[in-house]
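If you follow the hints, you should be able to join the two separate chains into one complex; please do so.
So the chains spell out like this:
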Amino acid sequence: MSRFAFTQAPIDASSLAEPLAHDGAGGYATFEGRVRDENEGREVVDLEYEAFEPLAIAEGERIVEAAMRRHGATAARCVHRLGRLAVGETAVWVGVAAPHRAEAFAACREIIDEVKHRVPIWKKERYAGGDSGWVNCRHGDACHRPEAGFDYSRQQALPEVGAAGQARLAAARVVVVGAGGLGSAVLPSLAGAGIGELVVVDHDRVEGSNLPRQPLFTVADIGRSKAEAAALRLAAYNPGVRVTALARRFDAALAAEVVPGADAVVDCTDNFATKFLVNDAAMRAGVPAVLASVYQYEGQLQVVRADQGGSCLRCQWPEATRDGLVGNCEQAGVLGPVPALLGQLQATEVLKLLLDLPGQLRDEVLLVSLLEPGMRRLAAPRHAGCAGGCVRLPGEAAPAPPAGVDLGLPLAAAVRAGYRIVDIREPMECAFEPLPVEGESVPLGRLLDGGLPPDPERPVLLVCAHGVRSRAAAEFLRARGHTAVWSLEGGLAGQAGAH
Amino acid sequence: MPRVRLQYYALLREQAGRQAESIETAARTPAALYAELAGRHGFRLPASQLRVAINAAFADWESELRDGDEVVFIPPVAGG
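Line order of the protein sequences matches chains U and R.
Take the first sequence: its letter number 448 is residue 448 in this note's numbering, and every next letter is one higher.
Take the second sequence: its letter number 70 is residue 569 in this note's numbering, and every next letter is one higher.
Just chain R, same shape as in the assembly (with noise of 0.2 Å):
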């Protein structure tokens, strides 16, 4: 199975409770992944509600996921 490389932001970071992790996945998409990690560590945040990245730039959900891709979930903020 392909292993990615994930970060999560904000209050995705406080859910998981870590900023980083590595994880083998079934997931072929950013979509499955976010939906498979969501019942992992109870995300709320729907999807439509974040964006995703990988290898440092902003992907589509639908988008293919490769081997040892970094994937990055961020949440809108908005403190200033």
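Here chain U stands alone, though its shape is the one from the complex (with noise of 0.2 Å):
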């Protein structure tokens, strides 16, 4: 049985219940959500619901697993309608059994929650006034509405797009840093797909030599700050995207501010430093990147996966990777199509991945030569090293493990470092407490027997309340040859002072 469905028909409680019962589940807890009759204080007579179902499923899928493994629930299924549906007429329904009550609830609200926040899902509203409207509502979310007038239908009509997709893309925030000559190209083709927010930092103004690969300006915009001037031009190209413009260098501070919380974060800059950056920006906030850089009739492009654990531009370029050893578009001349031709590569992955199209980048570096002229994708796995190189704050070195296998550092410095964390208390203890960071829910005993899938590319941390159990766990994981395996120090106890 499917863990996630949708379904035309009205959603029987009891029918749907019935086949999650099990004589270890100890708790059950359903969640159902129901039509309102009001909606931004607009009286509501009815909704329909479409989804792109194959991506919408497996997203569904993927949320319903992901709460079973963390929260240790025996069985749990969703369901959502589609089609229309009258006001008070059950639109999702959540069952969930687990041991005891506390996982149940715990992964109840984990899937309604993500449902509503991931599952692409398109809603029409009428309203009593007699018309209606499209709405993808993400949970607390400002609903988008499409601009009248600029329509998606061409884009809309892909099998893989749909209206789902174009949902998602709606309910997506980008920040594009940099609008020069791959700016110029990423944010007009991003803008021109209906992505929802675009944020758009550059704390240059618009020169003349701009301009001949940089058509996002004209010579009237000569002077002006071009975050504004861009952000200017979209406001009037699609006025049915938020665009937010940032006239303020890409700092470590400014990245801060920006970057957590986004969809995607694209590097259009043209110096290492800034590159730097964002790529370090989106590993610590685990948003994804896609960067690019172009020379003469060149350039390279790499999508770092930081939300999934890939490799980054580090990974590629050492620290020492510095300006002035290569020249730039000023020093080393640039013909114009070829970042136009970079940005739109860009902007494609940057669809691929909202929209979770096939063949994404990840994990390689693509050469584009315009004299050959030739594409070459290079296969650039994480560096073994980048646990402790590529993710650094400053003023914090990547700690040394240490021989032995306790170690003292805070949970969030050792996800940022790499780690996978692995909590090994009970189900209980975890509904209680929940691991502050994003970890694997493996109980002790599980453990043991074995039940630890292995990664050998990451080194594992254990976690349990104060640090006794998970040393223990981490010397017999040792015993049995994991190298690669340590204890939480004091446990998630000791993590109170730990900053």
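None of these hints come from the bench; they were simulated from the model.
None of these values were measured; they are calculated from a predicted model.
Think of the CB as a built atom: it goes at the ideal place given N, C-alpha and C, for glycine as much as any other residue.
Please note that the accuracy of each hint is not assured.
[Claimed, not checked] Derived Cβ-Cβ restraints for the label pairs, each shown as a range:
1) U:Q360 <-> R:G538: 39 to 49 Å
2) U:P436 <-> R:G538: 51 to 61 Å
3) U:E53 <-> R:S562: 40 to 50 Å
4) R:E569 <-> U:S153: 36 to 46 Å
5) R:E569 <-> U:T30: 50 to 60 Å
6) U:G223 <-> R:R539: 46 to 56 Å
7) U:Q331 <-> R:R539: 24 to 34 Å
8) U:P454 <-> R:E513: 40 to 50 Å
9) R:E513 <-> U:E457: 33 to 43 Å
10) R:R504 <-> U:G83: 51 to 61 Å
11) R:S547 <-> U:E457: 17 to 27 Å
12) R:S547 <-> U:G333: 22 to 32 Å
[As the list claims (entries may be wrong)] Here's a subset of chain U near chain R, in silico, CB distances under 7 Å, partners left out:
13) G178
14) G180
15) N271
16) Y295
17) Q300
18) W317
19) E372
In structure tokens, the structure reads:
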């Protein structure tokens, strides 16, 4: 039985609950979301749900699986209605069975929150006044209404996009750093695709020498802030997109302000110092980044899947890579279409990852030469030292792991340093005091039975309440030949004073 | 002697005056090969500032070269 499904028929909660029953399940929690008679002050008569099912089902399955694993639930299911629904009808149903109530509640809550947040479902509301509107409401977010006249039908006609994909784009927030040659291509393409919010960062002003390869600007813009001129132009092009202009230098403080919470960040800068900043901010926030650089007739593109533990810019280029080593556009020259093409490739990769399209670049560098002309994909795996060297905060040296099993550091720093966090507490304990960071739940009994799936790429950090069980477990695993295993010193209780 | 196919990018393409070439070499590693080519083409960038890829994957400078390998030398580029 699938764990996430759509149905056109009314939801019958009792028949859905039946298959979840299990003698070991002492707790059973359900949630029902129903059609309300009002939205944003308007009286709703009925509504219609639409989704691009293959994409939405795959996402829904991932959500239910993850919640079950994280909370130790024995069974779970989520069903969402499609088609026309009257006020009061059940739109979505979640049921979870678990050994105890705490896990059941926690998993049920996570599933409904994540489904509302991540599964692209497009909703058409019919109001008392007779009019109607398609809305995509992410949980707690403002609704996005496409601008009249801006017609996405050609893009939506793609079977992989559809109304659901369009809704996903409308709910996305993308940060573009640099409004130069690359940005001139990236920004209109993303605005045209219907990205909900674009944040444009550039502290420079438009110069005459920019214009040949930066058609985002006109001669009338010379001397104006690039970020502001770009925002004005994009707002006129597609008023349905919210554009925020930040005419500031992209530094660590600004990065910390705009990158966390973004769906993607696009590096369109022209120097290594800023490229490393973009890379590091994305890695720290777990936000995917699409980076590109150009030189004369060629370019390089890299997609950093910081959200999936992928390789990053620092895996390819050492700390010592400095600006001035090879010329930039000003010194070495550049042919206009080169940044335009690389920028279009960046925009395409952003759309691919937002829409979950096939063929996404990951752990690769794409070399593009327009003289040849040709493209070459080079495998660029995560550097062995990446865990220690790639994600380093200013003033925070990556800890060299000690030889003994005890590792004393803040959990968040361990996550940034690339440790695989494994919570060995019992499900009950986890439910009462959830792990403060992303991690896997493998209760001690299961761990000792060989229940930790191996991942040779990442060192393991075991976590328990006080660091006693995790130390014993780490020593046990080391005796079995797992060398890259540590125990969080002092456990979660010892984290109170750790920063 | 093993024959390798070479691809040059960015500054190296400029200095070599070509995008690609095929050569026979006694070099056993990309490091030795780059030193040989630096002499021939006047490459000024030190190998420590470059990356090398063999047969479509980034590789170590000390990996072993084989007959028929495609070797790509990649300088860092930052233009935008």
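Beta-carbon spacing of Q360 of chain U to G538 of chain R - inside the hinted bounds 39 to 49 Å or not
With a Cβ separation near 41 Å, Q360 of chain U and G538 of chain R satisfy 39 to 49 Å, so the hint holds.
Could one say that the CB atoms of R504 of chain R and G83 of chain U fall in the range 51 to 61 Å?
58 Å, holds
Is 51 to 61 Å right for how far apart the beta carbons of P436 of chain U and G538 of chain R are?
57 Å, holds
Range hint compliance [Cβ, E569 of chain R to S153 of chain U, 36 to 46 Å]
44 Å, holds
Would you check whether Y295 of chain U satisfies its interface hint, that is, whether its CB is within less than 7 Å of any CB in chain R?
Cβ of Y295 of chain U sits 4 Å from chain R, so the hint holds.
Taking 46 to 56 Å as the hint, is the beta-carbon distance of G223 of chain U and R539 of chain R inside that range?
48 Å, holds
Classify the hint on G178 of chain U as holds or violated, based on whether any CB of chain R lies nearer than 7 Å to its CB.
5 Å, holds
Is 24 to 34 Å respected by the C-beta to C-beta distance linking Q331 of chain U and R539 of chain R?
25 Å, holds
Tell me if the interface restraint on G180 of chain U is satisfied: Cβ within less than 7 Å of some Cβ in chain R.
Since the shortest Cβ distance to chain R is 5 Å, the answer is holds.
Against chain R, with CB atoms and a cut of 7 Å, does the hint on N271 of chain U hold up?
Given a least distance of 5 Å, the restraint on N271 of chain U holds.
Given the hint of 50 to 60 Å, is the C-beta distance from E569 of chain R to T30 of chain U inside that range or not?
59 Å, holds
Status of the given 40 to 50 Å range, CB of S562 of chain R versus CB of E53 of chain U:
47 Å, holds
In summary, this structure violates none of the numbered hints.
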